[in-house]
Structures are given as C-alpha cells and as structure tokens.
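Both chains are sitting in their own frames, so use the hints and assemble them into the complex.
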Amino acid sequence: MRNQTNILKEHYIRLAKKTAAWLGLVALASTTLVASPAQALQITNRSVVVGSSANGASTTYDIKFNPGTTGTIRAIKFQICTSPLELTSCTASNSSSFLTNTASFTAGTGTTAPFTSNWAEGTAGLVPTATSYWITYATGDSISSGSNYTVRISNVENPNADNTSYYVRIYTYSDAAATTQVDFGAMALSTARQMTVSANVQESLVFCVGTTGTDCTGGGLTGNTLNIGTGGDNVLSTSTPSGNISKMAADTNATTGYVIQYITTSPGGTGGVACPGSFSSSNDCITDFGGTAGTFSAGVSNFGINLRNNATPDVGVDISGSGSGGSIVALQYR
Amino acid sequence: MWPVWGVHSATISDPRFSSSNYSVVESEVGASGYIDGLSASYRLSPNIDDGGATLGESAGGNSGSTSYQTNSGFSTSAQPTLTLVVDTAVVDLGILSTGVAHTGTATFHVMNYTSYGYVVQVIGPPPTYGVEELTPLVTDTASAAGTEQFGINLRANTSPDTVGTDPVQVPNSSFSYGVAGDGITGTFGTTRPYTIPNQYRYVSGEIVASSPKTSGQTDYTISFMANIANTTPSGTYTGGMSIVATGTF
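Keeping their order, the protein sequence lines are chains A and B.
For what it's worth, this note's numbering labels the leading residue of the first sequence as 480, then goes sequentially.
For what it's worth, this note's numbering labels the leading residue of the second sequence as 21, then goes sequentially.
So here's chain B without its partners, still in its complex pose (with noise of 0.2 angstroms):
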C-alpha cells in the first residue's frame, strides 16, 4: 500500500516511512514561507510567525559568502527585521581643558536579518554653545591638545585615552558581521573613516557602522573625543544626536 502524506484518508491517523530497521514519523509535505495552499479541506500554512499557524519542526542551515547569505529550513522566517538599540543617553565630557583631550564612550547594537546588510548613520550637530559650535574634525585626525576640535570613531584607542571598543560579534562572527565604518571606503585601519584608531572625525549623517549582509547582533561603541583652544569661548556645550540604522532588503 502506497503511504499517504498526512491528511486524507480518515482510516489512516499515523502515516510513516518505514522499514524493518527504522522509521520516519510525523512525515509532513514542507509549507513555503509565505504561500498557502489550500482548500475548502485542507491547507498548508506556514509558520505562525509568518502568518499561518505552527507547522512541523523548525530546522535551520546558514550558508552564506561575502555578500550574500541564507537561512534554509523548515521553518525560517521571511519577516524582515532590523533591530537598533541605543543604550547611552548622554556623554558628559566634563570640563574642557586647552591641557588635554577628553573623552567619552556611548554604546548601541544592531540586528537585522532577510537583508542585503545596513548601514548606521550619526546626525546632529557637535556640541555648541549658541552659535559656537566645537571645531569638528572633517577628516579622521589625532587628538591635539589646545586646538579646538570634536570628533568620534567606532574602534579601541589608545590615544589621546585608553577608550573605545571595536566591534563585538555576538554570540560571534559566525553569525554576526556588523562593522565600523561604511565597507566601501579606503582601506579598513587605515584610511576608511571612524576606523582608524587614534584619529576622529566628525561629520553629521556620514556612515559610521554597516553590514554587508543579513547579520545576528553586533555591539558597536561610539568613542568622542574633544579638544579646546585658549580662545574657546567659555559655557555649556551640548549636541544631540540620533543614530540611524537602515536596512536594504
């Protein structure tokens, strides 16, 4: 007798493979992630997650290359997600000082998945003091004490301070691929902007973190450094800043 595939035959409640040495159970025909098929009867749905209601087992396989990746399984989502959390409310400098540079950190995270990456922008004035703005830095530039400067990066210094972190993978880089910087420009370290380590930059809406493909949950932490001249008019200082993160699917 030819196996039926789970639904039709009311004489029939437990449909199996099987052979004298193994057997497969609870066979089901795979439902699609967005389609259903159906009739006045019957009907294939896919994941509740997806619309549907829960059907079979979940199995997941990742392969993926440079640019591309993909979830294959029973039971993948085809939901796009971006997920963009800012942990840090506020960076105090402190007192500026013509003597040495200060600094500061703020931390966010990114998740996306069904995409072809993201990119995180920065937007928002540097700190100023009605029309007095603190000089910010337009190419990625070192810290010098007694100049008048402003500007972040996105990897671990050590200099003017011990501040900063690059990048963390999480739970690691098989899974996760966010980076500083936009991907694209110059060479990572080196000339790429916000990742040469030691040097600052600051201009408002410039790329300063990204993924080239779907991506699990990478930490990034925003290092601000600052620096005033003698001539630095005197008062309070304060920028606000909105990260932007924004997926391609």
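Next comes chain A alone, as it looks inside the complex (with noise of 0.2 angstroms):
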C-alpha cells in the first residue's frame, strides 16, 4: 500500500511532466508562429515563347507575365536554370545561356509597353551573366496585376540537349539596383529533336501523238494514220489546198521548257532518189513549203504544217490547255 509520501510524488512528478509538455508546446508554437522571411508574390499567367525549341539554338524567348503586385517596378531578372525553386541557386541547364550568342533586349517588335521605351539591358553590377539577365529603368514603370506584358530577348542559347525540361524565372524588384525584390515566377519550358521532312520530285516529260483524243492521260492520244486529200479516195487537187490535223499533247517540270520538232523522211522520189520534201511517191515528191512561213497557192505544190487554227483550207484548232507551250508558227505554213 501507497503511503502519503509515494503518493505526493507520484502526483508532483505527473504535474512536472504536464508541465514541462505545456511548456514545450509553448515554445513550439512561439517558434511556429515566428514569421518566416517575407515571400514575394507569385507572378502569374506567365509562359514563354521561344522562337526554336532545337538544342543550342540561340533564338528568342517572349517571356509574358502578368506581375503578382501592382506597383512601381525598376528592374527584372531572367534566369534560366535547371530548377524553378526560387530559393534554390540557378545552375545552367545543359549550356544555356546568355551570354554564348550575346543576348539582348528587344525594346520593340515583341517586347509591350511600358517596356518598350526607358528600358535597356541591366549594367554595372546587372550585366548579363550566363544564366541571369536584367533589364532596369532606374525612374520605373508602374505595371498592373491585372495587365499581361512581354519582355522579348534575343539570341539566348537553348540547352544543348533535345528533349530536355529546363526552367525560367522572373524577379521584378522595386529598385534599379535589384535588391528589393517585389514578385517572383517560374515557367518550365522543354527542347525538342527537330524533325526534317523531305520529299523527292523527278524530272518529268510527257509527250503523245496521234490523231484523236485529247491528252496523254488514260490511253493517250491514238492514231497513226493521217489523210490529208479529200474524198474517199483521199485526192489531193489542183485547184483547193487540202489538209488535216494531226494532234500532240506535252507537259514538263521543267524549269526551261520544252522543244518539239517535227521530223520527216519520205520513202524516195523518182528512180528511188530520196525526196528533198516530206511527202513523196515512188516516183515524185511534193516540196515543202520551205523556212519562211507563207500562204498556200492552188495548182502550186507544197507541203507544210502549222499549229493555229486555219481558214484557207479551213483546218486545225489552236493551241489549248493549262499549259504555257505555244506554237513559233503563225496563221501560215512552212
């Protein structure tokens, strides 16, 4: 059994040791309730658009924000870092930097007011390093938190590896030395493997001849066989010029364009002498019309072709389709 004396201790020692819990818990929560060092508003509504997501492209970054405080702000610092941790030191992120292709400030195309006039790239203390880049105005903006604005820089390298996660901050600070710090953002941005598409165009010449159809695709042009006399017998005659068509179709990739020329041989005139013309017998030959175009005379014999469409004799169409091909042959023959 307790005596009295067992019984007080037990008792003093369970109000020590609430004590001492109290006490403790005090301390605690005066020590939790200790303000920790002042954080800056987060910027929000911030992205950035480089110009090339290629590994080691030096290449632009519109960096846009809208600022966590609305207020008189004197300069900003851009890092680009490997962590978005504002508390975290910045290490550069697989070679970016600012400084390898010179990185600067754009006050005008891509840059918005207010910073497109006043602001210039940070100095004396400020000036870029390979991770951070200030711009400051020692007078100052006051800029919204309502309001989106963008800072373009150009010529900052991208990490030198495809495919790779890296980070961008921003400070802004209510003096032109830096040192009062306002907001602060993080963006992630990302490399990416460029892709290259090709293709393969050949050289192209498509040419057909006959005497019906009228072009070269599905089965062409045909016929091979050309009557150029009249009647069923196919007579030539003194007193009318008579004639026929005969059709081609080309088209070509060219840069140049085409030629055609038009060949003949004739079977050979009289005794078996090959026929200066184009059109001969076994024993005569019918002469062409020579180099220089002219008009055709009845009871005169001549041979000879043109691409227009004609009235004396009333033959031939002229040129058509979507092409630019065109004939050096005008309303005569030769």
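It cannot be assumed that every hint is accurate.
[Said to hold, decoys possible] Subject to a maximum C-alpha distance of 35 angstroms in a straight line, what follows is the list of computed DSBU-like cross-link-like pairs (lysine-lysine): (1) 556(A) / 543(A); (2) 543(A) / 233(B); (3) 233(B) / 556(A).
[Claimed, not checked] Here are the computed distance ranges between Cβ atoms for each label pair: (4) 117(B) / 704(A): 29 to 35 angstroms; (5) 734(A) / 190(B): 45 to 51 angstroms; (6) 706(A) / 166(B): 32 to 38 angstroms; (7) 256(B) / 704(A): 39 to 45 angstroms; (8) 677(A) / 204(B): 30 to 36 angstroms; (9) 568(A) / 217(B): 46 to 52 angstroms; (10) 208(B) / 568(A): 42 to 48 angstroms; (11) 194(B) / 565(A): 28 to 34 angstroms; (12) 117(B) / 701(A): 22 to 28 angstroms; (13) 691(A) / 166(B): 20 to 26 angstroms.
Hints were generated in silico from the structure; no laboratory data involved.
These numbers come from a predicted model, not from an experiment.
Glycine is no exception: its CB is placed at the ideal position from the N, C-alpha and C atoms.
The following block contains the structure:
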C-alpha cells in the first residue's frame, strides 16, 4: 500500500510532466508563429514562347507575365536554370546561356509597353551572365497585376540537348539595383528534337502524238495515219489546198520548258532518190514549203504545217490547255 | 494528458492519437509545399522535390473542371513541369507523283503540371527546293492529286490514305487532356484547324495541339500530305520543322 509520500511524489511528477509538456508546446507554438522570411508574391499567367525548340539554338524568348503586385518596378531579372525554385541557386541547363550569342533585350517588336521605352539591359553589377539577364529603368514604371506584359530577349542559347526540360525564372524589383524583390515566378520549357520533312520530285516530260483524243492521260492520243486529201479516195486537188490535223500533247516540269521538233522522212522520189520533201511517192515529190512561212496557192505543189486554226484551207485548232506552250508559227505554213 | 504533436518533449518518442479500438500513429503537422516554418531547433520542411527534406506520406487527390485542376495532399509538387519529347527526326514522303498523294507521320508527346495548360506550335517552312516551296495549304483542304499541296493534321485519316491517329491520353482521359487544335477556334472536327479528318493545312507557327489545363501525357501523331502538279520543279525538297510547346503557369 502506497503511503502519502509516494502518492504526493507521483502527483508532483505527473504535474511536472504536464508542465513540461505545456511549456514545450508553448515553445513550439511560439517558434512556429515567428514570421518566416517574407515570400515574394507569385507572378501569374506566365509563359515563355521560344522562337525555336532546337537544342543549342540561338533564339528569341518572349517572356509573358502578369505581375503579382501592382506597383512600380525598376528592375527585372530573368534566369535560365535547371530548377524553378526561388530559393535554389540557379544552374545553367545543358549550357543554356545569355552570353554565348550575346543575348539582347528587344525594346521593339515583341516587347510590350511600358518596356518598349526607357528600359535597357542591366549594367554595373547587373550585366548579363550565363544564367541571368537584367533589364532596368532607374525611374521605373508602374505595372498592374491585371495586365499581361511581354519582354523579348533575343539570341538566347537553348540547352544543347534534345527533349530537355528546363526553367525560366522572373524576379521583379522595386529598385534599379535589384536588391528589393517584389515578385517571383517560374516557368517550365522544353527543347525538342527537330524534324526534317523531305520529298523528291523527279524530272518529268510527258509527250504523246495521235490523230484522236484529248491529252496524254488514260490511253493518251491514238491513231497514226492521217489522210490529207479529200473524198473517199483521199485525192489532192490542183484547184484547192487540202489538209488535216494530227494532235500532240506535252507537259514538263523542266524549269526551261521544252521544244518539239517535227522531223520527217519520205520513202523516195523519182528513181528511188530520196525526196527532198516530206511528202513523196515512188515517182515524185511534193516539195516542202520551206523555212519561210507563207500561204498556199492552189495549183502549186507544196507541203507545210502549222499549229493554228486556219481558214484556208479550213483546218486546224489553236493550242489549248493549262500549260504555257506555244507555237512559233503564225497563220501560215512552213 | 494532452497529446503532443511530434516534436517537443524529450520523454515522448511516439505520440499518437488513440482510443480503445483505434490509434493514429506517426501523426504529423502537415507541411506546405513552399514555406519552411523553422526556428533554431525545429523545422517543418516540405517534400524534397520542393527543396526540403522528405516529410510524411504522400497522399494525392485530384479534382478538376473544364478549365482548372487541383491536386491536393500532403506532399504534392509545387514545381512547374513541361515535358516535350519528339520521337521522329525524319519524315520522308518519298518520290512525289502527280497521280497520287504521298503521306507520312511523326509523333511527339507532351506532359505538364501546375499550369493552366499548354499549346503546341509547328514552326518552319514547308519542304523547299531552292526557292521553290511545295505550296502549303492555308486552309483545311482535302488532298487533290495533280495539284501541288503540302499540309498536316493531327487526326486519324482515311484519305488520301489511312494515315495518322487521334491524340492518345496516357494512361487515360482521367489524367490527360491534350487535344488536336488550339481548343478555341471554330468547332472541333469540322472547322477548327488541324482537327478535320482528311483535310490538311500548314501555316508555320499556328497552334496544332493544346491542353486547357494541367495534363498528364498525351501522345500526338502529325499526318503529313503532299501532292505535286506536272509543273512542280524537280528536285529534293526538304523542310526543317521545330515543334514548340508553351505552358502557361
């Protein structure tokens, strides 16, 4: 059986433990209630549009953001890092750099007001480094958390590895020396493997000849016999010239186009001697009209061609189609 | 005796909430993802991924709407993340013909967290030989053999070939939300650029894919289509294209 002394001893031990516990709790609460170092407000609606995602590319960075705080700022720092964390030191991501290609602040196209005037690249302690780039304006401008702004920095070197995630951080400052921070934000970006799309186009010349048909598609032009006389007996006349048409069609992707030549042979003239004309029988020749275009006269032996719609004789069709081909011969024959 | 949460008294090494039937062990004060509470002797620290030391279990919960999404729990990352991986380096459309279109595909995937979504652009000239570009389609247009054309889309197509695939959500659409197109213009699948099956378009810099909110991985397939005319100059046409993903955080 416990005596009074032991009872009191246990009581005071429990009381001491309680007191210690409460004191500890108070100590804990008091320390946790001590204000932590003030955190910058979050920059919102932030993004970076890069001109190229190629690894190692020197390209533009359009940094878009809404400030967390409405007020006057006098400096902004941009960083390219392997981490987005504000309190983590910034390490370049795979040789990303503001220095390699001499990054520059673009106050013109790509940047929005108020940064389009008075703001300039940082100097005197705020000069660009591999990981950091400042812009400053001693007087400062007021910016609103309700507005989105864009700052373009050109010639920024991407990380030199494909498909690599990395980060851009933004810090705003109320002083031009960038010592009093206002807001902070970070954005994630990624390089990407570049694609090459290729295709080959072969040289092409399509040409067909015949007496019937419209073009070279399908079965193309057909027929290889042409009667240029008249009547069922296909007779030439001394009183009137006669003729007929053959057709040809051509297209090409040659950049200098094409030429078509008409080359004839005739079986032979008097005594088997080769006929100087394109048209002959075994006994006689019909003379080619010659190299100078002209009109035909009835009763005069001549053979010629053209590529036009003719009235005398009434034969022929002008050149047609979507191409740009043309004839060098006018409404005459040669 | 009042339970002490985890830290002070040297005699209390395993504080717990308990009753005759239940107890909660290893109870802890939760940490925020960003702020350290500390004194000279004590510290509440966020997850190691957020710059601190691991503390406690991870527990996740997701809720979202059309435009917003939140993940809550003991240890969720505050880090913005954007992952873009392009799988295809070369798309060879072969020897083009006036009689039939030629097609090809390329794949890439995007994933991002703690954002308001992302957009994907394709930047670069169409295949070019010297000063001659294969004529890019500036509006969504069907293939026409014999007419010089170059275009892309991000859909499954049946014309001019069976080519391409609709975006695929990984692991499924409960976690990933990427879509073809910019999510804004016109109507998906009928008038929105790059979303119309069997119609192709190419304007450098336009948005070809997007997500309206934080998203897990979405796998995309770009379908390429080219036709030539009988006057398309001969040569080897090439085009370097850059895929750019931009997340808004």
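Now for the hints, and whether the structure bears them out:
Between the alpha carbons of residue 556(A) and residue 543(A) the distance comes to roughly 13 angstroms, so the proposed pair stays at or under 35 angstroms and holds. A distance of roughly 18 angstroms separates the Cα atoms of residue 543(A) and residue 233(B); the hinted pair therefore holds under the 35 angstroms criterion. At roughly 27 angstroms between alpha-carbon atoms, residue 233(B) and residue 556(A) fall within 35 angstroms of each other, so this suggested pair holds. Separation of residue 117(B) from residue 704(A) is about 34 angstroms and conforms to the stated range, judged on CB atoms against 29 to 35 angstroms.
Distance hint check for residue 734(A) and residue 190(B): the Cβ-Cβ separation is about 48 angstroms, which falls inside the suggested range of 45 to 51 angstroms. At about 35 angstroms, the CB distance of residue 706(A) to residue 166(B) agrees with the hint of 32 to 38 angstroms. A beta carbon spacing of about 44 angstroms between residue 256(B) and residue 704(A) agrees with the range 39 to 45 angstroms that was offered as a hint. The hint said 30 to 36 angstroms for the Cβ distance between residue 677(A) and residue 204(B), and at roughly 32 angstroms that hint holds.
Checking the proposed 46 to 52 angstroms range against residue 568(A) and residue 217(B) shows it holds: the Cβ atoms sit about 50 angstroms from each other. A hinted range of 42 to 48 angstroms for the beta carbons of residue 208(B) and residue 568(A) is consistent with their spacing of about 45 angstroms. Evaluation of the 28 to 34 angstroms hint for residue 194(B) and residue 565(A) yields a pass: the beta carbon distance comes to about 32 angstroms. Between residue 117(B) and residue 701(A) the Cβ separation comes to about 24 angstroms, which falls inside the hinted range of 22 to 28 angstroms.
In this structure, residue 691(A) and residue 166(B) meet the distance hint of 20 to 26 angstroms, their C-beta atoms being roughly 23 angstroms apart.
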